[in-house]
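Asker: What follows is the residue order along each chain.
Protein chains: 2
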Amino acid sequence: MSPSAVSATPPQAMAQGTTLIADAVAAKLSSTTAPSLAALDASKLTRTRTTTPRTVPALDDPIRNVSSFATDHMITCTWNVNSGWGVPELKPYGPFSIMPTASVLHYATECFEGLKCYRGYDGKVRLFRPDCNAKRLLMSSARIALPTFDTAEIEKLIAELVAVDAAKFLPKSDAGKFLYLRPTMIGTQAELGVQTPKEAMLFIIATYMPELSETPGGMKLLASQNDTVRAWPGGFGFAKVGANYGPSLMAQQEARRLGFNQVLWLLGDEAQVTEAGASNFFTVMRSKEGGKLQLITAPLDSKVILDGVTRRSVIQLVKERLSGKGELEPIEVVEREYTMQEIVEASEEGRLVECFACGTAFFVAPVSKIHFRGVDIDVPMAQGEVGDYTNVIKNWLVDIMYGREDHPWGVVVEEKEV
Amino acid sequence: MSPSAVSATPPQAMAQGTTLIADAVAAKLSSTTAPSLAALDASKLTRTRTTTPRTVPALDDPIRNVSSFATDHMITCTWNVNSGWGVPELKPYGPFSIMPTASVLHYATECFEGLKCYRGYDGKVRLFRPDCNAKRLLMSSARIALPTFDTAEIEKLIAELVAVDAAKFLPKSDAGKFLYLRPTMIGTQAELGVQTPKEAMLFIIATYMPELSETPGGMKLLASQNDTVRAWPGGFGFAKVGANYGPSLMAQQEARRLGFNQVLWLLGDEAQVTEAGASNFFTVMRSKEGGKLQLITAPLDSKVILDGVTRRSVIQLVKERLSGKGELEPIEVVEREYTMQEIVEASEEGRLVECFACGTAFFVAPVSKIHFRGVDIDVPMAQGEVGDYTNVIKNWLVDIMYGREDHPWGVVVEEKEV
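Sequences listed follow chains A and B, in order.
Per the UniProt record's numbering, residue 1 is the first one in the first sequence, and the count goes up by one each step.
Per the UniProt record's numbering, residue 1 is the first one in the second sequence, and the count goes up by one each step.
Just chain A, with the same shape it has in the complex (with noise of 0.2 Å):
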């Protein structure tokens, strides 16, 4: 039973039961590429426009309400553990071809992002925090065993492709509206061995969206039941994988049946409060203790929820805005574990202000109803269709999407004549 008995030497860290995945994320995060292969590089972008355009569809047209219909290109970069990355490529929007083998097909080696570009009201279009989505592509990819890259590159690429395809799709017409971006990266090795992909795609594609936040009357939410977690310590529900997405469309699928719009994903014997169907979730609530109005959140550092971009914004501007001046009564923001008898109780005594989900896909969409195991609970919204600091929220980063403020979340993209 000597530790010297086998070749495999563990590092110290190991041996105190701590480690193992998340030391191996961070060295590959942490390790630079080697000089014989080629770093992600989009200045090295090559260009083939479509020679078959794609037609505008009507405002009124249908087929912007189901994310399927894609603008005129999309980026692809190929990547393969020998040669580092290929050399990155715009061209017309079409299928892939994929090996009935590849590593994407059969281990969920695929990660993503989302994000938009919105047209402003003052014609230039923009996005919102690229630099944020660019950070947790890396993360995620690196988490689910696919290439790292500078993530500096992948932003330009995301630029490129706004630059190229929004005049046409998103004209200065079409202020107040936005497109939705998608960056993904898939492992495309064909090969059945379970194992680290060593080939793998990026690709980055651009489609219409509806706009989910303006369910009528506010959301319905079901909370999970004992039997379904979405993620767990010690998982992956931190990261922006696909393995934390079709394992909840059952859960999905039941709530709306029931006549619910999203699954509230509870965690544990405790139930606590995690994430809002694919969003984050907040409350806002007086404490038992004093009446302090506060804005509460779960945490990241149990590495259950994802990071997203909206929920860092929206504690940053409450935090700025709300915590002494201004309209409303102060809010302090409080990110930690909190459970759903908590938000029984403060309805129960009249404590419970409103609660939000929020991610890129939903934006700011208030919350109405809350079924937790035989309970409904009635969530205030002030004004009707939405609560007074989910609505000052909703309205500031409107603003700065939109170009109403100018704020350095907002970067502008210049475009291309079409």
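Worth double-checking, as some hints may not be accurate.
Think about it this way: if two alpha-carbon atoms lie no more than 25 Å apart in a straight line, the pair counts; the simulated SDA-like pairs of lysine to any residue are [as the list claims (entries may be wrong)]:
hint, chain 1, residue 1, chain 2, residue 2
1, B, LYS28, B, VAL81
2, B, LYS177, A, LYS116
3, A, LYS116, B, MET99
4, A, LYS198, B, ARG256
5, A, LYS303, B, LYS303
6, A, LYS198, B, PRO57
7, B, LYS116, A, GLU191
8, B, LYS198, A, GLN195
9, B, LYS198, A, GLY94
Derived CB-CB ranges, DEER-like [as the list claims (entries may be wrong)]:
hint, chain 1, residue 1, chain 2, residue 2, range
10, B, GLY123, A, ASP307, 56 to 64 Å
11, B, ARG256, A, SER97, 25 to 33 Å
12, B, GLU405, A, ALA26, 46 to 54 Å
13, B, ASP150, A, PRO299, 45 to 53 Å
14, A, GLY326, B, ARG336, 54 to 62 Å
15, A, GLN341, B, GLU329, 49 to 57 Å
16, B, GLU335, A, ASP301, 32 to 40 Å
17, B, VAL375, A, ALA26, 20 to 28 Å
These aren't lab readings, by the way, just hints derived from the structure by calculation.
Owing to the predicted nature of the structure, the values given are computational and were not obtained by experimental measurement.
Glycine included, C-beta positions come from ideal geometry on N, C-alpha and C.
Keeping the supplied structure of chain A fixed, place chain B upon it in accordance with the hints.
Answerer: The following block gives chain B in isolation, referenced to the frame of chain A:
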């Protein structure tokens, strides 16, 4: 707060906090196909033979050691929510055309099976309990929000591919060898909304795969750390979905870098023993009280581990053949939660007899070492490269698979003339 206040009325069971996905999956599995929807029907199979047949690689060709070389043909069948299953096609093996917005590339809407066809010493080709694989594929497919089907039809389609390609790629001169079969289901709907796919594809392919059970000196396992949990109660560890595999690759890679063959996946503060790599795990030890010989493995009821076909077969054979008679000392099969601490103690007290991993890919693989958080556990292998029980179990299975023993688990496939 009255339950009648919402339009949505959750069923009574849900109010108890026990079900959500389980109910939905059960309902999906028990629902009959609407008469307007076509069922999966193997008898409709169309056949298009390849016009560019592949050369069979020599027995010493290294391509046989990676599971990337497929046979001449594959079987595919598409499904959509409005019409049901299409016509299954046997056709030349080759790449799929998949849209960049396809569900499988983003949300891991994918599941698969692994089984083998064995060229017997009597010249016949056999499947091993293909009914078990077909039933598990159905369960996995329902869990990951993909379509259901009559499992007998999947069995027939698997046999069809074997019937067409085995004679060439696994000829009678290859007695004692096998081909690996991979039935797979993927969500193909080309739409980025996070939702149950309305379109899907079943495909079945056959490849070479190396003999993985022959690790010289036995397998060395690195027990997982607290930061790394493969599956969780309320999760989906019991289903053969892609989402269980990709997230495990960083740990596997790290284990290999440190000189181990696989990760031994533990769960919880008590370090419950669950699976080894992507295989089930068995321990032979004498009980602390009474010194009774036991074959211990994690139970299925917590739904954390895969219901392995090899696992199930091992349990049944040991119960039938080692419960009292035979050359070896009788052994009791015990399916229960057990911990690393029990294995450590058994090792220290000389009660640890053998460990092995088992599954279709790794077959029955003896384990010689487990590293558990600073402690190396030497696992005995009484016969040098294998333990007594591991060896006898392996031989029973080999005899059934390769036709030395006539057994209902070995299902002969009638081959087509080439």
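Asker: For each hint, tell me whether it holds in the structure or not.
Answerer: Okay, the hints, checked on the actual structure:
A distance of roughly 13 Å separates the Cα atoms of B:LYS28 and B:VAL81; the hinted pair therefore holds under the 25 Å criterion. Straight-line distance between C-alpha atoms of B:LYS177 and A:LYS116 comes to about 53 Å, which puts the hinted pair past the 25 Å bound. A threshold of 25 Å between alpha carbons decides the hint, and for A:LYS116 with B:MET99 the separation of about 20 Å falls inside it, so the pair holds. Among the hinted pairs, A:LYS198 with B:ARG256 is consistent with the structure: their alpha-carbon atoms are about 15 Å apart, no more than 25 Å.
Only pairs whose Cα atoms come within 25 Å are accepted, and A:LYS303 paired with B:LYS303 is accepted, the gap being roughly 23 Å. A C-alpha spacing of about 23 Å is found between A:LYS198 and B:PRO57, which places the hinted pair at or below 25 Å, so the restraint holds. Between B:LYS116 and A:GLU191, the direct Cα distance comes to roughly 16 Å. Compliance with the 25 Å bound is thereby established for this hinted pair. Proposed proximity of B:LYS198 and A:GLN195 is contradicted: the alpha carbons are some 30 Å apart, above 25 Å.
As the CA atoms of B:LYS198 and A:GLY94 are separated by approximately 20 Å, the hinted pair is consistent with the 25 Å bound. A hinted range of 56 to 64 Å for the beta carbons of B:GLY123 and A:ASP307 is consistent with their spacing of about 59 Å. Take B:ARG256 and A:SER97: their Cβ atoms lie about 30 Å apart, and the range 25 to 33 Å holds. For the pair B:GLU405 and A:ALA26, the beta carbons lie near 51 Å from each other, so the given range of 46 to 54 Å is met.
The supplied range of 45 to 53 Å is met by B:ASP150 and A:PRO299, whose beta-carbon atoms lie about 47 Å from each other. One distance hint, 54 to 62 Å for the beta-carbon pair A:GLY326 and B:ARG336, holds here, with the actual separation near 59 Å. Checked against the hint of 49 to 57 Å, the pair A:GLN341 and B:GLU329 passes, with Cβ atoms roughly 53 Å apart. In this structure the hint that B:GLU335 and A:ASP301 lie 32 to 40 Å apart at CB holds, the actual value being about 36 Å.
Checked against the given bound of 20 to 28 Å, the beta carbons of B:VAL375 and A:ALA26, roughly 24 Å apart, stay inside it.
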